[in-house]
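> Quick note, the sequences are listed as chains Z and R, same order. The first sequence begins at 7 in this note's numbering and counts up by one. The second sequence begins at 57 in this note's numbering and counts up by one.
Keep in mind that a hint or two might mislead.
Computed beta-carbon distance windows for the label pairs [claimed, not checked]:
{"no.": "1", "chain 1": "Z", "residue 1": "GLU39", "chain 2": "R", "residue 2": "LEU253", "range": "24 to 34 Å"}
{"no.": "2", "chain 1": "Z", "residue 1": "GLN315", "chain 2": "R", "residue 2": "GLN187", "range": "47 to 57 Å"}
{"no.": "3", "chain 1": "R", "residue 1": "GLN187", "chain 2": "Z", "residue 2": "GLU218", "range": "28 to 38 Å"}
{"no.": "4", "chain 1": "R", "residue 1": "TYR80", "chain 2": "Z", "residue 2": "ILE71", "range": "55 to 65 Å"}
{"no.": "5", "chain 1": "R", "residue 1": "PRO232", "chain 2": "Z", "residue 2": "ALA243", "range": "24 to 34 Å"}
In silico lysine to any residue, SDA-like type, Cα no more than 20 Å apart, as pairs [unchecked claim]:
{"no.": "6", "chain 1": "R", "residue 1": "LYS114", "chain 2": "Z", "residue 2": "ALA327"}
{"no.": "7", "chain 1": "Z", "residue 1": "LYS363", "chain 2": "R", "residue 2": "LYS144"}
{"no.": "8", "chain 1": "Z", "residue 1": "LYS357", "chain 2": "Z", "residue 2": "GLY394"}
{"no.": "9", "chain 1": "Z", "residue 1": "LYS357", "chain 2": "R", "residue 2": "GLY85"}
{"no.": "10", "chain 1": "R", "residue 1": "LYS124", "chain 2": "Z", "residue 2": "MET369"}
{"no.": "11", "chain 1": "Z", "residue 1": "LYS363", "chain 2": "R", "residue 2": "TYR80"}
{"no.": "12", "chain 1": "R", "residue 1": "LYS144", "chain 2": "Z", "residue 2": "ARG122"}
{"no.": "13", "chain 1": "Z", "residue 1": "LYS351", "chain 2": "Z", "residue 2": "GLU397"}
{"no.": "14", "chain 1": "Z", "residue 1": "LYS225", "chain 2": "Z", "residue 2": "GLN214"}
{"no.": "15", "chain 1": "R", "residue 1": "LYS114", "chain 2": "Z", "residue 2": "GLY286"}
{"no.": "16", "chain 1": "R", "residue 1": "LYS114", "chain 2": "Z", "residue 2": "GLY373"}
{"no.": "17", "chain 1": "Z", "residue 1": "LYS225", "chain 2": "Z", "residue 2": "PRO377"}
{"no.": "18", "chain 1": "Z", "residue 1": "LYS351", "chain 2": "Z", "residue 2": "LYS363"}
{"no.": "19", "chain 1": "Z", "residue 1": "LYS70", "chain 2": "Z", "residue 2": "SER24"}
{"no.": "20", "chain 1": "Z", "residue 1": "LYS225", "chain 2": "Z", "residue 2": "GLU397"}
{"no.": "21", "chain 1": "R", "residue 1": "LYS124", "chain 2": "Z", "residue 2": "GLU359"}
{"no.": "22", "chain 1": "R", "residue 1": "LYS114", "chain 2": "Z", "residue 2": "PRO285"}
{"no.": "23", "chain 1": "R", "residue 1": "LYS124", "chain 2": "Z", "residue 2": "GLU360"}
{"no.": "24", "chain 1": "Z", "residue 1": "LYS321", "chain 2": "R", "residue 2": "ASP115"}
{"no.": "25", "chain 1": "Z", "residue 1": "LYS357", "chain 2": "R", "residue 2": "ASP115"}
{"no.": "26", "chain 1": "R", "residue 1": "LYS114", "chain 2": "Z", "residue 2": "LYS70"}
{"no.": "27", "chain 1": "R", "residue 1": "LYS114", "chain 2": "R", "residue 2": "GLY94"}
{"no.": "28", "chain 1": "Z", "residue 1": "LYS351", "chain 2": "R", "residue 2": "LYS114"}
{"no.": "29", "chain 1": "R", "residue 1": "LYS114", "chain 2": "Z", "residue 2": "MET369"}
Calculated from the model, a selection of chain R residues having no Cβ within reach of chain Z, i.e. all distances over 12 Å [what the hints assert, rightly or not]:
{"no.": "30", "residue": "ALA97"}
{"no.": "31", "residue": "LYS124"}
{"no.": "32", "residue": "THR131"}
Honestly, the hints are just simulated from the structure, not real lab data. Given the structure is predicted, the values throughout are model-derived calculations rather than measurements. Every residue gets a Cβ at the ideal spot worked out from N, C-alpha and C, and that includes glycine.
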Amino acid sequence: MQAPQLTIRTDAQLISNSVPTSRILEIELTAPEAQLGRESTPLNLALVIDRSGSMGGGKLEQAKIAVRQILDLLRPTDSVSIIDFDNIVTVDAEVSSVTPAARSEMIASVNHLQARGSTNLGEGWLQGCESVACRLADGKVNRTLLLTDGQANQGITDPEDLSHHAAALFERGVATSTFGIGLDFNEHLLEAIANNGGGNYYYIDREQRITELLMQEFKDLAAVTLKNVVLEFSFPAGVAVELLGDWRAERHDNKLVINLSDLPANRTVNLFIKILTPPGSGQLVMNAAAFGHDENDKSFNVAQDINLQYAAPDKVAVAEAARDVDLVTRFSTVVVGHYSNEAYKLEREGKYEEAGKLMDRLMVEHGVNLPHTTRARYERIRVEVREGLDESHRKDYNMDSYNLKRFRHDEQRRDPDQK
Amino acid sequence: MLRSEYWISELADLSGVSTRTIRYYIQEGLLPQPEIRGKYAVFTDEYMHRLRLIKILKDAYLPLNRIKQLLDTITDNEIIPLLDAFEKDPVSALSGLQALPMFEQPITIHASQPRPEQVRERNANALEYIQQLRGERPLHEKMDRNPRLDARPSKRNFIAAAPTPGEEWRRIPLAPGLELHVRQPENNKTQQLVEDLLDLVRNRK
Numbered sequence: 007m008q009a010p011q012l013t014i015r016t017d018a019q020l021i022s023n024s025v026p027t028s029r030i031l032e033i034e035l036t037a038p039e040a041q042l043g044r045e046s047t048p049l050n051l052a053l054v055i056d057r058s059g060s061m062g063g064g065k066l067e068q069a070k071i072a073v074r075q076i077l078d079l080l081r082p083t084d085s086v087s088i089i090d091f092d093n094i095v096t097v098d099a100e101v102s103s104v105t106p107a108a109r110s111e112m113i114a115s116v117n118h119l120q121a122r123g124s125t126n127l128g129e130g131w132l133q134g135c136e137s138v139a140c141r142l143a144d145g146k147v148n149r150t151l152l153l154t155d156g157q158a159n160q161g162i163t164d165p166e167d168l169s170h171h172a173a174a175l176f177e178r179g180v181a182t183s184t185f186g187i188g189l190d191f192n193e194h195l196l197e198a199i200a201n202n203g204g205g206n207y208y209y210i211d212r213e214q215r216i217t218e219l220l221m222q223e224f225k226d227l228a229a230v231t232l233k234n235v236v237l238e239f240s241f242p243a244g245v246a247v248e249l250l251g252d253w254r255a256e257r258h259d260n261k262l263v264i265n266l267s268d269l270p271a272n273r274t275v276n277l278f279i280k281i282l283t284p285p286g287s288g289q290l291v292m293n294a295a296a297f298g299h300d301e302n303d304k305s306f307n308v309a310q311d312i313n314l315q316y317a318a319p320d321k322v323a324v325a326e327a328a329r330d331v332d333l334v335t336r337f338s339t340v341v342v343g344h345y346s347n348e349a350y351k352l353e354r355e356g357k358y359e360e361a362g363k364l365m366d367r368l369m370v371e372h373g374v375n376l377p378h379t380t381r382a383r384y385e386r387i388r389v390e391v392r393e394g395l396d397e398s399h400r401k402d403y404n405m406d407s408y409n410l411k412r413f414r415h416d417e418q419r420r421d422p423d424q425k
Numbered sequence: 057m058l059r060s061e062y063w064i065s066e067l068a069d070l071s072g073v074s075t076r077t078i079r080y081y082i083q084e085g086l087l088p089q090p091e092i093r094g095k096y097a098v099f100t101d102e103y104m105h106r107l108r109l110i111k112i113l114k115d116a117y118l119p120l121n122r123i124k125q126l127l128d129t130i131t132d133n134e135i136i137p138l139l140d141a142f143e144k145d146p147v148s149a150l151s152g153l154q155a156l157p158m159f160e161q162p163i164t165i166h167a168s169q170p171r172p173e174q175v176r177e178r179n180a181n182a183l184e185y186i187q188q189l190r191g192e193r194p195l196h197e198k199m200d201r202n203p204r205l206d207a208r209p210s211k212r213n214f215i216a217a218a219p220t221p222g223e224e225w226r227r228i229p230l231a232p233g234l235e236l237h238v239r240q241p242e243n244n245k246t247q248q249l250v251e252d253l254l255d256l257v258r259n260r261k
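Produce the entire structure from the sequences given, and follow the hints as far as they go.
Right under this line is the structure:
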């Protein structure tokens, strides 16, 4: 079994001995390849499907196709629930072992799904989590997939409540990924549930992509080689830290604890931390450590130190000029993803000027470091938020920023210009 | 001792910050709008202090928006002690800054984090958590199947009142972000009203 790879880097090694210095750290964790011939990690899933009126026509049909495809790929070691909701929540099927007989029964019940009613997103999602919680097991990937095209307009509707519950359930072992279809859902709500719930967020701009993106998430889950991954970053007192990218993280004294949930084989996660170091002398030592469980349910633990050297300001200035440009580019990309999303929240509230100013500051500070096409795109967005965005741009831009801040460069990443 | 009032050129000379930058800071909200006396703006000592602090934080490579966030959170009375602290002991002044919201803002803080060995124990709680949440909710709005949930007692109204069960609504998207909901069944009067509204929307498109 290959070990997970952990690396920690900085933009420059030297820090000032007399004034506070701002530095960038990048922590990179890569999940190992799956072992040949080994059965993949058992899944414990809930598929929660919105069947409210607006899902009628193509969307629900596409969702049904996706669910059938997923059912086809599940094995007797997996458990699954299918839940659908409008204003009423229905548990369509719930099996703890996906045998061929159970599969055909489930497919039959999925085929009968019809669109109607309004959207009790909160209760539908909670029912999914409950089904997962009933069969929760450490050796499994425990996750609810929530697919919706609407606002939460019944049941628990407050975005803060919902994200709080998502975090609480994630801490208790149930993760959530969210899929928003079309133009009528709240992208910030679904993203917050996924961010706090230790899952992924997907914007599905047209119904034809429902199957593609649900399958993408499913394939990631079926390929998990690291489970319950927690990354700890330790630093000396006096260092100020800021984690970018909206990861679920907590601060304990001189430690930042970041919960990365489950990682599929070969997936690399890049975390960026901005630090401000106090003046001092000698060395400043920090440490990144990752732990969790591997494919065989054995616990793993990898760690790496990084040392920054104190030096006189003139030497630091020289080092500054020679800092790792690629790392700075990656960092600025993540910062722009992180804060532009804040600008879209302001824009959505009608605070166009505030959103514009936030984008101004972001681009003045980081624009020059961005890759050319990203920069051009965000320069344009900076102008557009001042005039207000239409729903389709809001969703596109939010998804783009999400991918930037999570530093996802897989197939999910999509340039809104290339639609 | 510093005099208590300055013209902008005097403030620039004393602080070593150009008049153009001072105006920029005012425009960006890092400094408050000065009092205008006659044709000229009058600056007080507070501006001197705030400029000094901005300079220290800029030297620490803090971006202006962060400096603004910081300045927004401290009062005039807190600035001088903070400046003194920076002069005496930059390290602890900085750790003091750490406690300020500007560094904590992007980090979500909830209950403490489980280590993997604690996860098993916590797992037992996911179900309890949901059941507790459910226990606090009204009964009338859920569940086709799953009688074990319906049997739970209702304690307090956790959510906004939900529509009567069985009530059915037709959703008509009018434009991106705009929807019309019509309770079913519709009577003739409502139907006519809906048609009129739809015509209105169509004509505007």
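> Does each hint hold? Answer for all of them.
Verification of the hints:
1. Between Z:GLU39 and R:LEU253 the Cβ separation comes to about 58 Å, which falls outside the hinted range of 24 to 34 Å.
2. Judged by the Cβ atoms, the range 47 to 57 Å given for Z:GLN315 and R:GLN187 holds: they are separated by roughly 54 Å.
3. Checked against the hint of 28 to 38 Å, the C-beta distance between R:GLN187 and Z:GLU218 comes to roughly 36 Å, which is consistent with it.
4. Restraint check, R:TYR80 to Z:ILE71: a C-beta distance of roughly 57 Å satisfies the suggested window 55 to 65 Å.
5. Between R:PRO232 and Z:ALA243 the CB atoms are about 50 Å apart, so this pair departs from the stated range of 24 to 34 Å.
6. Taking the CA atoms of R:LYS114 and Z:ALA327, the gap is near 18 Å; set against the 20 Å cutoff, the hint holds.
7. Distance check on the hinted pair: Z:LYS363 and R:LYS144 sit about 35 Å apart at the alpha-carbon level, beyond 20 Å; violated.
8. With a C-alpha separation of about 9 Å, the suggested pairing of Z:LYS357 with Z:GLY394 holds against the 20 Å cut-off.
9. Distance restraint check for Z:LYS357 and R:GLY85: the Cα-Cα separation of roughly 17 Å lies within the 20 Å cut-off, and the hinted pair is therefore satisfied.
10. With a C-alpha separation of about 17 Å, the suggested pair R:LYS124 and Z:MET369 falls inside the 20 Å cut-off, and the hint holds.
11. As the CA atoms of Z:LYS363 and R:TYR80 are separated by approximately 14 Å, the hinted pair is consistent with the 20 Å bound.
12. Between R:LYS144 and Z:ARG122 the alpha-carbon distance is near 68 Å, which puts this suggested pair outside the 20 Å criterion.
13. Restraint check: the Cα-Cα separation between Z:LYS351 and Z:GLU397 comes to about 12 Å, which is no more than 20 Å; the hinted pair holds.
14. Between the alpha carbons of Z:LYS225 and Z:GLN214 the distance comes to roughly 18 Å, so the proposed pair stays at or under 20 Å and holds.
15. For the hint pairing R:LYS114 with Z:GLY286, the CA-to-CA distance comes to about 19 Å; that is within 20 Å, so the pair holds.
16. Between R:LYS114 and Z:GLY373 the CA atoms are separated by roughly 19 Å; this keeps the pair inside 20 Å, and the hint holds.
17. Distance hint between Z:LYS225 and Z:PRO377 is unfulfilled; the C-alpha atoms sit about 30 Å from each other, more than 20 Å.
18. Only pairs whose Cα atoms come within 20 Å are accepted, and Z:LYS351 paired with Z:LYS363 is accepted, the gap being roughly 13 Å.
19. Note on Z:LYS70 and Z:SER24: the hinted pairing is violated, with a Cα-Cα distance of about 63 Å set against a maximum of 20 Å.
20. Proximity of Z:LYS225 to Z:GLU397 is assessed by CA-CA distance (about 29 Å); at most 20 Å being required, the pair is judged violated.
21. A distance of roughly 17 Å separates the Cα atoms of R:LYS124 and Z:GLU359; the hinted pair therefore holds under the 20 Å criterion.
22. At most 20 Å may separate the alpha-carbon atoms for a hinted pair to count; R:LYS114 and Z:PRO285 meet this at roughly 15 Å.
23. Distance hint between R:LYS124 and Z:GLU360 is fulfilled; the C-alpha atoms sit about 14 Å from each other, no more than 20 Å.
24. A C-alpha spacing of about 15 Å is found between Z:LYS321 and R:ASP115, which places the hinted pair at or below 20 Å, so the restraint holds.
25. Distance restraint check for Z:LYS357 and R:ASP115: the Cα-Cα separation of roughly 32 Å exceeds the 20 Å cut-off, and the hinted pair is therefore not satisfied.
26. For the given pair, R:LYS114 sits about 56 Å from Z:LYS70 by alpha-carbon distance, which is inconsistent with the 20 Å threshold.
27. Between R:LYS114 and R:GLY94 the CA atoms are separated by roughly 33 Å; this puts the pair beyond 20 Å, and the hint is violated.
28. The straight-line distance between the Cα atoms of Z:LYS351 and R:LYS114 is roughly 28 Å, outside the 20 Å bound, and the hint therefore fails.
29. With a C-alpha separation of about 18 Å, the suggested pairing of R:LYS114 with Z:MET369 holds against the 20 Å cut-off.
30. Residue-level check passed: R:ALA97 sits 23 Å from the nearest beta carbon of chain Z, beyond 12 Å.
31. Not every Cβ of chain Z is farther than 12 Å from the Cβ of R:LYS124; the closest lies at roughly 9 Å, contradicting the non-interface assignment.
32. Even its closest Cβ contact with chain Z, about 21 Å, leaves R:THR131 beyond 12 Å, as expected for a residue assigned away from the interface.
Checked against the numbered hints listed earlier, the structure breaks hints 1, 5, 7, 12, 17, 19, 20, 25, 26, 27, 28, 31; every other hint is satisfied.
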